[in-house]
Amino acid sequence: MKQEGQRFTLYRCGDLVMIRRAGQAEAVPVRVVRARPLAGHCRAISILHATEKKELLLLESLEHVDASSRAIIEQELARRYFLPRITRVLQTRVSFGNCYWKVETDRGPKHFLMKSPETNTTWVTDDRCILRDTLGNCYEIPSLQALDSASRRRVEAVL
Amino acid sequence: MGPPYITKRIVDDVIVPRDASLLWAWILVMVGCGLLYLLSQFTGGLLGAWLAARLASDLRSSVHAHLQRLRMSYFGKREAGEIVSRVMRDTGRLQHFLVDGLPFLLVNTLWFVAIAAMLLSLDVQLTLLVLLPVALLLGGVKWSWSKLVPLFHKEGSQYGGLYSVLGESILGIKAIKAASDEARRAGRFNKTNRNLFRTTFSIEGHWTGFQKGSFWIMSLGVTALWLVASWRIAHGDNRLTLGDLPAFVGHIWLFYGPLQWFSVVLNWMSQAFAGAERIFSMLDTPQEVYDSPDAVPLPKIRGEIRFEDVHFSYDRGKEVIKGINLHIRPGEMIGLVGKSGAGKSTIINLISRFYDADCGQVYIDGHPIQKVRLTGLRRQIGIVMQEPFLFRQNVLENIRYGSPDRSFEEVVRAAQAANAHSFIVEKEHGYDTIIGEGGAQLSVGEKQRIAIARAILNDPPILILDEATSSVDSETEKAIQEPTAHLVSDRTTIAIAHRLATLRNVDRLIVVEDGKIVEVGAHDEPIRAGGGYATLVKTQRELSRVRSSMCEE
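Heads up: the sequence lines are chains Z and R, in that order. Mapping the first sequence onto the working numbering, position 107 (from 1) lands on 312, and the numbers just tick up by one. Mapping the second sequence onto the working numbering, position 142 (from 1) lands on 136, and the numbers just tick up by one.
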């Protein structure tokens, strides 16, 4: 899996992220993704061709990546996996199969609507889940047990 | 029992003598009785609910665990819907009876006896009058029981059938739509549903008849009570006061109320008993014999397989394997060919010990497979099936299925070797993507590559490819071929394939016909021999030619 020895440079070209690999004259546009985005660790970062279904590189970590490329990778990952964490649940209400949430997150307060909670909830572990609202935005409950009891009760009433 | 007695005391001590000094005391006692009753009901209900939920949960777990260890033949003869119905519906009914019925039955039996005693203390003649309909009710209970239990059995089986049709309609929706068979399918569901309706109606009819009949019988008791009690009071019977009459009427409904509810409990009880019989018939089914008493652990094997005069039949009298003798050397790649129903998959089932041979013996590395521990044997055999089964969990766990201790790095290496890694990381959640029923949609080729990654990770000395590429198009087949070649190297491989071209690289071809091995040889030897295999190849070439000419047109 380790491929960080392979030399490459990432740079921005307008909205695109380009990669130039050692020994290759042409740069190609890429997407940066995590192999396990829900696992909660930064290992296994995959650099995919932007248009072809092809993986160009798989990095176990960013340890051996040059500073500017690393910054681009980190920015891309932060943008792609923007995931507010729910710290308190103020209200949950179910009406006609839709679930209305009023929560506090680490990015501020938020109201959102989930349709069919059972299909739009991804349980990463028994204690941790990702909620997807009707607009496709995701919110994480990092630990159900770590929530205060009122919040936990409100979550358990709908999930 | 308190309120009717207090009513009597209020009438006799307060209303008749027109003395209100004891009124508040009796009212307070009445409220206290109500609170005590509420508390006992709440505590009893809570305890009953916990006990029944625990029992049903344990029962479901036991049934599921038992189910996992039943022989393959059990599943071959039953529909999935029927099994689901037993695990879920019948245990649910048992729980319902245990939560609501059993505590009710116990409490009300005591209640019934206590009120009968109270009534006897008030007036023996009137009590006997009240008890008269009870004998009739007992007869009614016996009659209903004999009718309802068989009907509940029938209803359970019909629910199983309905679940099966529904399951097929959901899982096979693509085939149904492709064949424009929606209307016929709906017709089939409606037919099963109508049968269930008739049975349910019959159950409700019997039960309603019993319930309403018992109510009428009880009302006869009340009428008789009014008649006799009023007649006695009117004729100056000093043993009966005016207060006794409302007290008796109050008690009689406390007495008949539970009796009336017994009919409801009878309904639940007969459902629960029918359900319990169905559950226990499953629990009584003998499990797969995992290890005979003299079974030994199977060490790491080289992959030698030997069949010695093996005979086998799924149904008694219909032999599907008829005396097979076969020797597969370690590391050899074998192609198993033959018409559908020739016995190819049965040979695989016998190697994996999904079934035991009727006579003869199968040996792995010289060990008779019935004399080795089953889990040890199956861990050393990998199977890639035509339609690989993926569980409703993430890609990582699906690849790691069977080797849960393997690291993420090892999983990635296996996925890379199976040409699966690229499409996995393309998914929004990568290796964390939930797949399987209700999860992300994967193409047959993607599923197949995950199954191959699973097999690579398990690294079994014996690998079985059961028509692993027969349901994919030629482009996907090409994508799978490379990882498959990687997978089969250095291990004993048995490949069943319909596309004979996919068996080009095998060391030996074994042609099976009507449960017997009829030809063995290198890929072109059976063709040269001009037997059944040569005919099979010829037919397939003809088919390919027809297909390509149709495409050109």
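Hints were generated in silico from the structure; no laboratory data involved. It cannot be assumed that every hint is accurate.
Stated by the list, open to error - Once the Cα atoms are required to be at most 25 Å apart in a straight line, the calculated DSS-like pairs of lysine-lysine come out as:
hint	chain 1	residue 1	chain 2	residue 2
1	Z	Lys259	R	Lys421
2	R	Lys206	Z	Lys259
3	R	Lys421	Z	Lys320
4	R	Lys421	Z	Lys258
5	R	Lys333	Z	Lys258
Unchecked claim - Label pairs and their calculated CB-CB ranges:
hint	chain 1	residue 1	chain 2	residue 2	range
6	Z	Arg226	R	Pro293	43 to 53 Å
7	R	Pro293	Z	Thr214	46 to 56 Å
8	R	Phe383	Z	Asp331	40 to 50 Å
9	Z	Ser273	R	Glu176	51 to 61 Å
Beta carbons are placed, not taken as given, at the ideal position from N, Cα and C, and that holds for glycine.
Tested hints:
In summary, the hint linking Z/Lys259 to R/Lys421 is supported, as the alpha carbons are separated by about 12 Å, within the 25 Å threshold. The hinted pair formed by R/Lys206 and Z/Lys259 fails the criterion: a straight-line CA distance of about 73 Å is larger than 25 Å. With a CA separation close to 22 Å, the supplied pair R/Lys421 and Z/Lys320 stays within the 25 Å bound. As the CA atoms of R/Lys421 and Z/Lys258 are separated by approximately 11 Å, the hinted pair is consistent with the 25 Å bound.
Under the criterion of a C-alpha separation no larger than 25 Å, the hint pairing R/Lys333 with Z/Lys258 is inconsistent with the structure, at around 39 Å. Under the hint 43 to 53 Å, the C-beta atoms of Z/Arg226 and R/Pro293, about 47 Å apart, fit the expected range. For R/Pro293 paired with Z/Thr214, a C-beta distance near 52 Å keeps the hint of 46 to 56 Å intact. In this structure the supplied range 40 to 50 Å is violated for R/Phe383 paired with Z/Asp331, their Cβ-Cβ distance being about 24 Å.
A C-beta distance of roughly 59 Å is found between Z/Ser273 and R/Glu176, which places it inside the suggested range of 51 to 61 Å.
Comparing the model with each earlier hint shows violations of hints 2, 5, 8; every other hint is respected.
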